[in-house]
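> Just add 510 to wherever you are in the sequence shown, counting from 1, and you've got my numbering.
One thing to keep in mind: the hints can contain errors.
Derived Cβ-Cβ restraints for the label pairs, each shown as a range [said to hold, decoys possible]:
| id | residue 1 | residue 2 | range |
| --- | --- | --- | --- |
| 1 | Lys594 | Gly563 | 43 to 53 Å |
| 2 | Pro592 | Glu571 | 32 to 42 Å |
| 3 | Arg593 | Pro525 | 43 to 53 Å |
| 4 | Glu578 | Ala554 | 36 to 46 Å |
| 5 | Ala527 | His556 | 37 to 47 Å |
Hints listed in this document are in silico derivations from the structure and should not be mistaken for laboratory results. If you're wondering where the values come from, they're calculated on a predicted model, not measured in any experiment. We put the CB at the ideal spot given by N, CA and C, even for glycine.
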Amino acid sequence: MTTDELETTPELPVPLADKVLLTSAEAATLLSISERTLWTLTEAGHIPCVRIGNLKRYRREALHAWAESEEESPSDELRPKPRKPRDSAGF
Numbered sequence: 511m512t513t514d515e516l517e518t519t520p521e522l523p524v525p526l527a528d529k530v531l532l533t534s535a536e537a538a539t540l541l542s543i544s545e546r547t548l549w550t551l552t553e554a555g556h557i558p559c560v561r562i563g564n565l566k567r568y569r570r571e572a573l574h575a576w577a578e579s580e581e582e583s584p585s586d587e588l589r590p591k592p593r594k595p596r597d598s599a600g601f
């Protein structure tokens with residue numbers, strides 16, 4: 511391959527696994543959620559992001575940590591929710 515060929519060869523995209531920061535689309539895909547849901551969770555402060563000017567990028571490790579923190583055990587899903595106590599009038 512000559513120098514000219516190297517200069518005109520298009521760059522290959524960086525594999526998702528090798529990227530330091532993920533775009534919103536990539537982060538949403540990784541979490542199997544929509545970009546809108548990702549945006550909503552990010553704006554609410556639930557999912558951490560890196561802000562670069564107007565851009566938001568996501569660290570893979572932070573997304574994995576967030577997903578693990580949201581994980582529920584099977585017993586949590588089966589446990590009945592506590593009821594509110596009734597007032598003395600029975601209403």
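> Let me make sure I understand: some of the numbered hints might not hold for this structure. Which ones are they, in numerical order?
4 and 5
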